[in-house]
Amino acid sequence: MPHSFTVNDRRVEVEAPDMTPLLSVLRGPLGLTGAKPGCGEGRCGACTVLVDGRPAASCLTPLALAEGREVRTVEGLAEPDGPLNPLQDALLEHGGVQCGACTPGILMALTALFERDATPDEAAVKESLAGNICRCTGYHKIVEAALAVAGANGGRS
Amino acid sequence: MTRVVGTNARRADGEDKVRGTAVYGMDHGVTGTLQARLLRSPVPAGRIRRLDTARAAALPGVHAIITAADVPDTTSGWILKDQPMFAREEVRYIGEPIAAVAAETTEQAEDAVAAIELEIDPLEPLADMDAALADGARLIHPNWESYPMLAPGPRSGNVAWESTLDRGDVDAAFAAAHLVVEDEFTTQRQHQSPIEPHAAVGRFEGGRYVVHSPAQFPFLVRDRLAEWLGVPASKVRVVVTTIGGGFGGKIDAMLEPFVCVLARKTGRPVRLVNTRAEELQTAGPRENARIRIRTAVSAEGEILGQEADTIADNGAYSGEIVACAAVPGLVFGGTYRVPVARYRTRVVYTNTAPTAAFRGVNGPYAMFALEQHLDHIAAKLGIDRRELRLRNVVKAGESIANGQVLDDAVFDKGFARVEEIAPWAEQAPSGNPRALRGKGIGAVTWLTNPGPGGATVKINEDGTAGVICAGAEIGTGAVAVGLRQIVAEELGLTPDQVVILPADTDAGTYDGGAQGSRTLFSLGNAAVQASTQVREQLLAVAANLLEASAADLELADGHVRVKGSPGAQVPLAAVALTALHTAGPISATGRHITPPVQFDSGCLTGALFTGFATPTYHVHSAEVEVDPDTGKVTILRYVVAQDVGRAINPQQVEGQIHGGVLQGVGYALYEDLRVADGVTLDASLESYRLPTAFEAPPIDIALLDNPWPDGPYGAKGAGEPSLIPVAAVIASAVSDAIGKPIRNLPITPFDVLAALREDGTTEGSTR
Ligand code: FES
Ligand code: FES
Chain D
1 MPHSFTVNDR RVEVEAPDMT PLLSVLRGPL GLTGAKPGCG EGRCGACTVL VDGRPAASCL
61 TPLALAEGRE VRTVEGLAEP DGPLNPLQDA LLEHGGVQCG ACTPGILMAL TALFERDATP
121 DEAAVKESLA GNICRCTGYH KIVEAALAVA GANGGRS
Chain Y
1 MTRVVGTNAR RADGEDKVRG TAVYGMDHGV TGTLQARLLR SPVPAGRIRR LDTARAAALP
61 GVHAIITAAD VPDTTSGWIL KDQPMFAREE VRYIGEPIAA VAAETTEQAE DAVAAIELEI
121 DPLEPLADMD AALADGARLI HPNWESYPML APGPRSGNVA WESTLDRGDV DAAFAAAHLV
181 VEDEFTTQRQ HQSPIEPHAA VGRFEGGRYV VHSPAQFPFL VRDRLAEWLG VPASKVRVVV
241 TTIGGGFGGK IDAMLEPFVC VLARKTGRPV RLVNTRAEEL QTAGPRENAR IRIRTAVSAE
301 GEILGQEADT IADNGAYSGE IVACAAVPGL VFGGTYRVPV ARYRTRVVYT NTAPTAAFRG
361 VNGPYAMFAL EQHLDHIAAK LGIDRRELRL RNVVKAGESI ANGQVLDDAV FDKGFARVEE
421 IAPWAEQAPS GNPRALRGKG IGAVTWLTNP GPGGATVKIN EDGTAGVICA GAEIGTGAVA
481 VGLRQIVAEE LGLTPDQVVI LPADTDAGTY DGGAQGSRTL FSLGNAAVQA STQVREQLLA
541 VAANLLEASA ADLELADGHV RVKGSPGAQV PLAAVALTAL HTAGPISATG RHITPPVQFD
601 SGCLTGALFT GFATPTYHVH SAEVEVDPDT GKVTILRYVV AQDVGRAINP QQVEGQIHGG
661 VLQGVGYALY EDLRVADGVT LDASLESYRL PTAFEAPPID IALLDNPWPD GPYGAKGAGE
721 PSLIPVAAVI ASAVSDAIGK PIRNLPITPF DVLAALREDG TTEGSTR
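Going line by line, the protein sequences match chains D and Y. Mapping the first sequence onto my numbering, position 138 (from 1) lands on 138, and the numbers just tick up by one. Mapping the second sequence onto my numbering, position 551 (from 1) lands on 551, and the numbers just tick up by one.
No lab work stands behind these hints, which were simulated from the structure alone. Hints may contain errors.
[Stated by the list, open to error] Distance ranges between label pairs, derived from CB positions: (1) D:PRO80 <-> Y:GLY466: 24 to 34 Å; (2) D:THR119 <-> Y:LEU150: 53 to 63 Å; (3) D:GLY154 <-> Y:PRO42: 53 to 63 Å.
[What the hints assert, rightly or not] Take a look, some chain D residues computed to stay more than 10 Å from chain Y by CB distance: (4) GLY28; (5) GLY68; (6) GLU70; (7) HIS94; (8) ALA112.
As the structure is a prediction and not an experimental result, all values here were calculated from the model. C-beta: ideal position from N, C-alpha, C; glycine also.
Bound-form chain D, shown alone (with noise of 0.2 Å):
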């Protein structure tokens, strides 16, 4: 079956059964990695993806529901010889990345989150992360980005 939509504001054809994970087609034929197979049973949270700006565990979602419908992911956040956006940059100056395998995954969560509320609280930044496993870093400093970025937005920190 043929399928159509768009990867980071690009079209794609891609080829392949109904049920295929999309998570397999992004980093197969599409060649994007960034997302992780972490677990491939939507408990880890390392592939999410946003699928017309909702986080989507992207090892559960089959091909056909992304028809027609915008995916986004990690490296669609910045341009890649671009600047960092303000989420990466925040992560990697409050120390939030360790193995940086959990982190693809924890920055699509929080693009959705702050593409709702710019300027969240402790609860929800949390909350956003609910789906997200991280092994490396207790979550601390990633949450701490997360509020930094909230607090630039005007939000209190």
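Add chain Y with the ligands to chain D, keeping to what the hints say.
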């Protein structure tokens, strides 16, 4: 004063990680490479009667299938070399590799695995340590006596390894005691569960095996491959990818040998990645253990003597647990004064998945047992629990159970800092008036792994520095930022002017692996040594250019300049270029080894770690509330006072502490890799529960400044230890809250409710 060391410089690999362009082991060879899968044993014990791959090999897309028949009949291992690459005649655990397939796609490889004909005559599994230790038990390794060893150690049958510490007249101490207290504790398996599973891509080129994998200890992987593949180590090259988390689980070789042999057979690159189920069920977790401990004390609570007997589950084959078999004894007798001691640890074979290193190997359960035992003693004597610890904890210059003198112990400072942050007599605020409240506090001595390392530093012709070493960056930032800071500090550069080659066994000198907090300690020392020589070379060349004496020159801001005359300077680039025509390219190599620990050598057997090399000191406290209706434990406040010598990058050190504490919280309250009848029951992260952002407690951190004269800029190892005390102090706090002892981990709500119901009382214990 330092300029770069001690700052929160950014990590070199950070941009690629936040852009999603870092290439991890799991990202290598996603396309254009053959994909491999393993046939694994479906039973915990048995003899292979028939193994026929002919039908499977004929399936579409299949390029090769290999079994024990295709590889040398050797066994391998780090310390105790008892593990074959494939099960040959006998299978010893569920998940043991029996065959490997390479095919065009993963699906085709899976189909072929399913089509392999395998018949096994099952044996009664020895599913737990009691079964394996029972009189007359079947030997899991009938040929145990024939296995090669890196270093000899006491072994016997199903006891893969035994380590003892025996010092002084223990019986006399018990005979003279005011009180003798005895306890028994059991702890569970805990899985490392990095986000990235084990992965490997192998090639065969130029008659050599080249493997790309997220290896914590690439030289160990190289040596293991050489043993299994029957080739000299120089025929193997291990290139370390970006590593998506390890925590000990990626120290040893795992999937690498299969892709190497398949690559040779097929002439193609071959990739193999574990599924999450394979990770949980076959990639060795922290070992489960049982500890019996008995202590003689005076009426004032002074420890007079102690004995402990620990059994630790090795699983079917030996990994790092045998290497660290002496560690429980060192933990029991390494923090509080134990004048005479008798400790024994036996590492026991069972028909279960092999266990392996997990951050703080063999330490967390030993400390858990010891601290609960101390609480028991305090209750019996009516002494405040913190006070009991203060009375016994070692002071600088005192010796511990193995006879090692801890010259720089800073427990007094650690307890004082914790007291400042969270006074023992005060309670943190809580929103739940019905909650039961409790506190715990404990201390531990830990080590910086003494393994060797080396680093080459060179000055590039644009005036930047290059570093070549085989230090694996597992995410801690030790290589990606700490090592850069040290070299930058040494050479008057900024951290981003220092470029470090990723670890590769062909390039870097031998390195003892990213384990035991050693990377920045060891490579930092090696890099300082190399940089010192590089500086001399630079100054000698620049002395001519500046017509000054080398003694009057210094390195600053990317220049060599004459001290005290700011205008008289020459850029490093010009010095490096000039050197090409005069002295030769600027480059030097440094190396490092930690001198052996001084201890009473007669008291230990079977010990590869004989004491605390470059010791570090840790005091943790926890305050919890327990909901009496649901049994839920909430950590209100957590405090860490940690001696890191000196923090090269305080932000990265804090990150290690935050992460280690949360892994410890998982061990204390949630994580339990359950094994029954040889079956690892947890096959997904649905039932094996990792802590989320909601479980992360507030953590206060006090870094204790205690510079180590033999560390780079005073640094000691910092990565590993924050996990070790967590279960101990949380258990103490829960026990304090519910007024009942905690003897097993993890502490689930069901356990809490059951304990509360035991005799109806719910008052807290004395404190
Ligand atoms: S890989 Fe999709 S949630 Fe883990
Ligand atoms: S940084 Fe390693 S899992 Fe989050």
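Original post:
If you check each hint against the structure, which ones fail?
Top reply: Result: hints 4, 7 break, sorted rising.
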